[in-house]
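Trainee: Make a model of the complete structure from these sequences and hints.
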Amino acid sequence: MTRATLSRQRLLVVFLAALLALFSPVVRRFETVPGLFGVPALYLYLFGIWALVIAVAAWIVSRGRD
Amino acid sequence: MITGPLIVGVACAYLGLLFALAYWADRRADQGRSVIGHPTIYALSLAVYCTAWTFYGSVGRATATGLGFLTIYLGPTLAALLWASLLVKIVRISKSQRITSIADFIASRYGMSQLLGGLVTVIAVVGVIPYISLQLKAIAWSFTILLHYPEVRMPRVLDPAFWQDTAFVVALLLAAFTMVFGTRHLDASERHEGMVAAIAFESIVKLCAFLAVGLWVTFSLLGPGGALTGDGLASAADNPHLAMLLSPRISAPGDWFAISLLAGLAVMLLPRQFQVAVVENSDQRQIRRAIWLFPFYLLLINLFVIPIAVAGLLAFPQGSVDPDTFVLTLPMAYEQPWLALVVFIGGLSAATGMVIVETIALSTMVSNDLVLPLLLRRWQSQATGADLGRLLLRIRRLAIVAILLLGYLYYRLAGEAYALVAIGLISFAAVAQFAPAVVAALYWRGGTREGALAGLSAGFLVWLYTLLLPSFAKSGWLPAAFLDPGPFGIDLLKPQALFGLSGWNEITHCLFWSLTTNVLAFLAVSSLRAPDATEAAQASAYVDAFKHGRPAGLPIWRGSAEIAELMALAERFLGTERTRRAFADFALSRGVAAPGDLPPDAQTVRFAETLLSGAIGGASARVMVASVTEEETLGIDEVLNILDEASQIRAYSRELEQKSRALEAATSELRAANLRLQELDRLKDDFMSSVTHELRTPLASIRAFSEILHDDPDIELGERKRFLGILVSETERLSRLVNQVLDLAKIESGHADWLVEPVDLREVIAQSAATTGRLIEGRGAELVVHTDHCDGEPLVLADRDRLIQVLVNLLSNAAKFTPAGSGQVEIRLTRWDGALRVCVADNGPGIPEGELELIFEKFRQASAGGDKPVGTGLGLPISRQIVEHFGGRIWAEGGAEKGATLCFELPALAAGPGRPRSQAAAQPPTPPSQPAGETRP
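Sequence order for the protein chains is A and B.
The first sequence begins at 0 in numbering that gives the first Met the number 0 and counts up one residue at a time.
The second sequence begins at 0 in numbering that gives the first Met the number 0 and counts up one residue at a time.
Since the hints were derived computationally from the structure, they do not count as laboratory data.
Just so you know, not all the hints are guaranteed correct.
Some chain B residues close to chain A (C-beta under 10 Å, calculated; not the full set) [to be verified]:
| no. | residue |
| --- | --- |
| 1 | Leu66 |
| 2 | Tyr72 |
| 3 | Thr76 |
| 4 | Ala78 |
| 5 | Leu80 |
| 6 | Trp82 |
| 7 | Leu244 |
| 8 | Ser246 |
| 9 | Trp255 |
| 10 | Ile290 |
| 11 | Leu298 |
| 12 | Leu374 |
| 13 | Leu375 |
Using N, Cα and C, we set each Cβ at its ideal position, and we do this for glycine too.
Mentor: Encoded structure:
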């Protein structure tokens, strides 16, 4: 499998994982969890997952370039 | 401090800066040193997705619906993860097919249909004009609000004459700006490097502006010691919006997902997004960085939305300030004029970026896919003859102005009745109708022109009915009864609760109905017939885009074309210079010296189509080229026939290969046989020449002596007798020779008659001795026979006469070569290792070592000490043939001066114990003393 195909596969995996993390009932659990530093947990969770997805995508893309 | 002229001045300066940047980037591009090739610039240009709706409207949306605003950005983040396969494929297809807009993309795929391109254009224009209005409103409002500094006052809903309306001025300015950016010349690839540079710059400006405000709000207003710190929780109780922001929840998971999906589709299908992501892309590798950089941009620009919303709700009494303006009004309220100015510029960036790109994209679609086809239909190919390129540019400029004016019109008519903020999602839902056609284009080989038309029309109509018309009703243009209880009072047809699906968010509701009808209509109508030749060819080009290293293969095409006509056609749109250059490059790539020498075949026609489609769109290009060439359309049957032929040809060629292999084998065999024949021929020639030579010699003597006798009657009797004796002996010799030659020929060709029977060698010896006795005596030699050393009966299976012939030959040779007077010839019979050996020895000069084998060759006569050879030279070869025929062998022994011994050996025939001697003696009597060589009749 070429590097490009491997990257695409990995990105697809991240896509599905993010889909699960952001759109499944998991999200609603964070509505009731207490927050940090006055910031509600749901914000932290959503922005956190968002940042994580971006970071993982950046890593995959940079690895694919090698 | 902040006055009108200052704001206007700053705004103009900023736009001037943008223009200068665009101009510089275009100049660099013309020189070949593009500045926008950097992947970061590409990713930033994609951020044109964030318009004034993002800049101002996110905060408003956050205030109204809490977390709902995030869906608009989470969707594209997830969509970006798929770009590695999806967007790269689209870009690859678009580059190889010279696609210049999303209308082109869809129309090219489904049979190069101009009607389809036109429909896509109409949907795009209708769907996006409200979105443009939103931008105009944002600019106008932000200008008006800032003008009132330091007073924070919402603009009153006035109805100024349009020439006094800020928004109108803005619309005109933007039209002029866009025309300068996008329509200076007709580029074959529709790329606008200057525009992309300007957009990327604007993306940075708007991000920085928003971050500046966000940071200030978070750390100055809401941070420790800030103006708003104390108020927080106390106000939360009576402000439901604030409460919602401080304890967020996802109230409707279905909407949460649906709108994310919508945004994910829109980030690819919006005309401006398609323009910057696909058409303006210069290198597919740029997409890799965009996959994460673009979502990162989205993350950053949304980071401070919530804090700004919270601060705004805290700072302003409920309902006094429109939440959409918090980004601007907060700095104004807390005496940060420069920050407010920065925010204004940021908003201006966001709005102008969207308007420019969107209008350019829409005007390209309008000119290529809507107006040009109509014009072509009216004029056929005998168009004005004038420069069609200029006409096209003029059409585009008109389209830009028209679109912007329509946007202004919508803004004026919509007023405040229906928050323009919602329009953004309505536009998204409109372009989402392209999704089934686009996804199918990439991954499905089915799908026909009619199917795509049906799907798009159905989806568009449902969208009109469930979203656009209700928005008019909510704005008061249509009677409210349209919404509830539905048209003509029919409950099931309620536009926003269709067929009883009530209680849904209007966007989700529309999305559901429009996409399902779209997909169903698309699939159903596509199933009515199989794709035709063009559709199938294009399907292959699209679906297999990754498999083709180069653009997809040649279309199946039959027709005639004139190169000169094709070039003339291209020149009308692209200009002489560009056309000549393009055709010259193409000719070189095909290994042809000049464009005039190009073969007018499918590849050339395809090239002309691609070249033109960059300027006027794929569908129109095809029509124009078709009008020049005379093309016969191929039905799918003919295509199948051609394919059949191809497979037949393959089968034939396989057979041919096999046959040629067999032929090669046969040829090599024949060659070997030929060589053998040539060898034999040579041998035969040698033999013939030897024979004729041998025949000639005695004949010459006979002739000579005959002539003497004939010419001279007075020859003495003694002399005469001598000559006659010579004649007789030569004649005998001649006849002996002829007989021997015939005999040898007979034996060698296998036509000799052999009588095979048990033969007693002693008898043979006795007979041969008797036959040659007189000859031996005549030489004065003594013959000795030794046969008694052999015990038992020396029987062999052979032809008696032939054996006698052999022995007689050997004995005559021995007699010939014994010295006169003292010669001794010895015959010895022995049993040797299961075989019977007969040896004839003489005490003559012997045979030199080197000639022991040679004497068995035809016409070879051993030199007998200077004596003239008397024999024929054929005796030994015949003897050898005879002996070897019966499974024996014959050889010579001895050396020079040692006397010659010739032996032959034959396999012994074992005599049965009770074999009576009488039977052995009862041989059929043979005629005695046959001269050697006389053949049997």
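Trainee: Please go over all the hints and tell whether each is borne out by the structure.
Mentor: Hints, verified against the model:
1. This hint holds: Leu66 of chain B has a C-beta 7 Å from the nearest C-beta of chain A, less than the 10 Å allowed.
2. Look at Tyr72 of chain B: its Cβ gets to within about 8 Å of chain A, closer than 10 Å, so that hint holds up.
3. With 10 Å as the threshold, the beta carbon of Thr76 of chain B comes within range of chain A, its nearest partner Cβ sitting at about 6 Å, so the hint holds.
4. The closest approach between the C-beta of Ala78 of chain B and any C-beta of chain A is roughly 9 Å, which is under the 10 Å cut-off, so the hint is satisfied.
5. A distance limit of 10 Å between C-beta atoms decides the matter here; for Leu80 of chain B the minimum to chain A is near 4 Å, and the interface restraint holds.
6. Taken as an interface hint, Trp82 of chain B checks out: its beta carbon lies about 8 Å from the nearest beta carbon of chain A, inside 10 Å.
7. For the restraint placing Leu244 of chain B at the interface with chain A, the shortest Cβ-Cβ distance is roughly 9 Å, inside the 10 Å limit, so the hint holds.
8. Hint on Ser246 of chain B holds. Least Cβ distance to chain A is approximately 6 Å, under the 10 Å limit.
9. Satisfaction of the interface hint for Trp255 of chain B is found here, the shortest Cβ-Cβ separation to chain A being roughly 7 Å, below the 10 Å cut-off.
10. With its C-beta approaching chain A no nearer than about 6 Å, Ile290 of chain B sits inside the 10 Å limit, and its interface hint holds.
11. Taken as an interface hint, Leu298 of chain B checks out: its beta carbon lies about 5 Å from the nearest beta carbon of chain A, inside 10 Å.
12. The beta carbon of Leu374 of chain B is not positioned within 10 Å of any beta carbon in chain A (closest approach about 43 Å), and the interface hint is therefore violated.
13. With 10 Å as the threshold, the beta carbon of Leu375 of chain B stays out of range of chain A, its nearest partner Cβ sitting at about 41 Å, so the hint is violated.
Taken one by one, the earlier hints fail for this structure at numbers 12, 13, listed in ascending order.
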